[in-house]
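Participant: Single-letter residue listing:
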Amino acid sequence: AQKVTQAQTEISVVEKEDVTLDCVYETRDTTYYLFWYKQPPSGELVFLIRRNSFDEQNEISGRYSWNFQKSTSSFNFTITASQVVDSAVYFCALSGARLNFGNEKLTFGTGTRLTIIP
Amino acid sequence: NAGVTQTPKFQVLKTGQSMTLQCAQDMNHEYMSWYRQDPGMGLRLIHYSVGAGITDQGEVPNGYNVSRSTTEDFPLRLLSAAPSQTSVYFCASSYSGTGEVPYEQYFGPGTRLTVT
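Keeping their order, the protein sequence lines are chains H and G. Each residue of the first sequence is one higher than the one before, starting from 1 at the first, in the working numbering. Each residue of the second sequence is one higher than the one before, starting from 1 at the first, in the working numbering.
If we strip away everything but chain H, and leave its shape as in the complex, we get (with noise of 0.2 Å):
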């Protein structure tokens, strides 16, 4: 069975602050698929970001990077120079390799309520 985790229900942090996400998966899968996808306030989701577990490069995309530790099971979330719209839950997602039939279900974790105070 799969499983994420993020212990940090909620953060907040002033802005421009740094601020790191935590993310912590269990799976059985030798090649599995992590993502992170952003709740604004609005309440849709938004795809951040899909990593696959033979690629272990953090990624850097602006504000945001992703660091994936493959020898703890993590994969966090930074966001550089925090700003106020940055405030949202923050979801991490973990995916089997479409190999079989619903094998690409995602499974989330709680998340991770961020709040960027001015």
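Note that these hints are calculated values from the structure, not bench results. Glycine residues also receive a C-beta, built at the ideal position from the N, C-alpha and C atoms. Watch out, some of these pointers could steer you wrong.
Cβ-Cβ distance ranges computed for the label pairs, FRET-style [what the hints assert, rightly or not]:
hint : chain 1 : residue 1 : chain 2 : residue 2 : range
1    : G       : A2        : H       : N52       : 26 to 36 Å
2    : H       : P118      : G       : N62       : 39 to 49 Å
3    : G       : M41       : H       : F47       : 37 to 47 Å
4    : H       : G62       : G       : P8        : 30 to 40 Å
5    : G       : S84       : H       : D22       : 29 to 39 Å
6    : H       : V85       : G       : M41       : 22 to 32 Å
One-sided and incomplete, this derived list gives chain G residues near chain H with beta-carbon spacing under 10 Å [what the hints assert, rightly or not]:
hint : residue
7    : Y31
8    : S33
9    : Y48
10   : E72
11   : Y103
12   : E104
13   : Q105
14   : G108
Since the structure of chain H is provided, determine the placement of chain G on it from the hints.
Facilitator: Coordinates of chain G only, in the frame set by chain H:
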């Protein structure tokens, strides 16, 4: 492109009533799914479909039915509503492709359901 649309946006039901939440996508995606979001529990998969005529249960399927007669539509039926089904429901779709890579899911705006 409308993306993934859901109707209604809000609904109040009495215990025991039935209803159908509608979901449609215009991106020709093969994979569609329904989730419920409850406080502190993240999103949990109810049912999913990998193409017209093919559906399967997710993590929390009890009390819900689905069918997929077309690529575009994936309705979710509540058979006999219970207060425990009070939740926000999200429909999602994604491209399947031919390889093993699961593509990102596109989510609808959600339906907020209250069962009294």
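Participant: State for each hint whether it applies.
Facilitator: Results for each hint:
1. A2/G / N52/H: 26 to 36 Å: The hinted range 26 to 36 Å holds for A2/G and N52/H, with Cβ atoms some 30 Å apart.
2. P118/H / N62/G: 39 to 49 Å: Between P118/H and N62/G, where Cβ atoms are some 44 Å apart, the hint holds.
3. M41/G / F47/H: 37 to 47 Å: Hint violated: Cβ distance 21 Å, outside 37 to 47 Å.
4. G62/H / P8/G: 30 to 40 Å: holds, 36 Å
5. S84/G / D22/H: 29 to 39 Å: Holds, at about 30 Å.
6. V85/H / M41/G: 22 to 32 Å: holds, 26 Å
7. Y31: Result: holds, 7 Å to nearest chain H Cβ.
8. S33: holds, 7 Å
9. Y48: holds, 6 Å
10. E72: violated, 20 Å
11. Y103: Holds, because the Cβ-Cβ distance from Y103/G to chain H comes to roughly 8 Å (cut-off 10 Å).
12. E104: Check passed: Cβ of E104/G comes within 4 Å of chain H, closer than 10 Å.
13. Q105: holds, 7 Å
14. G108: OK, holds: G108/G within 10 Å of chain H, min 8 Å.
Hint compliance for this structure: hints 3 and 10 are not met, and every other hint is.
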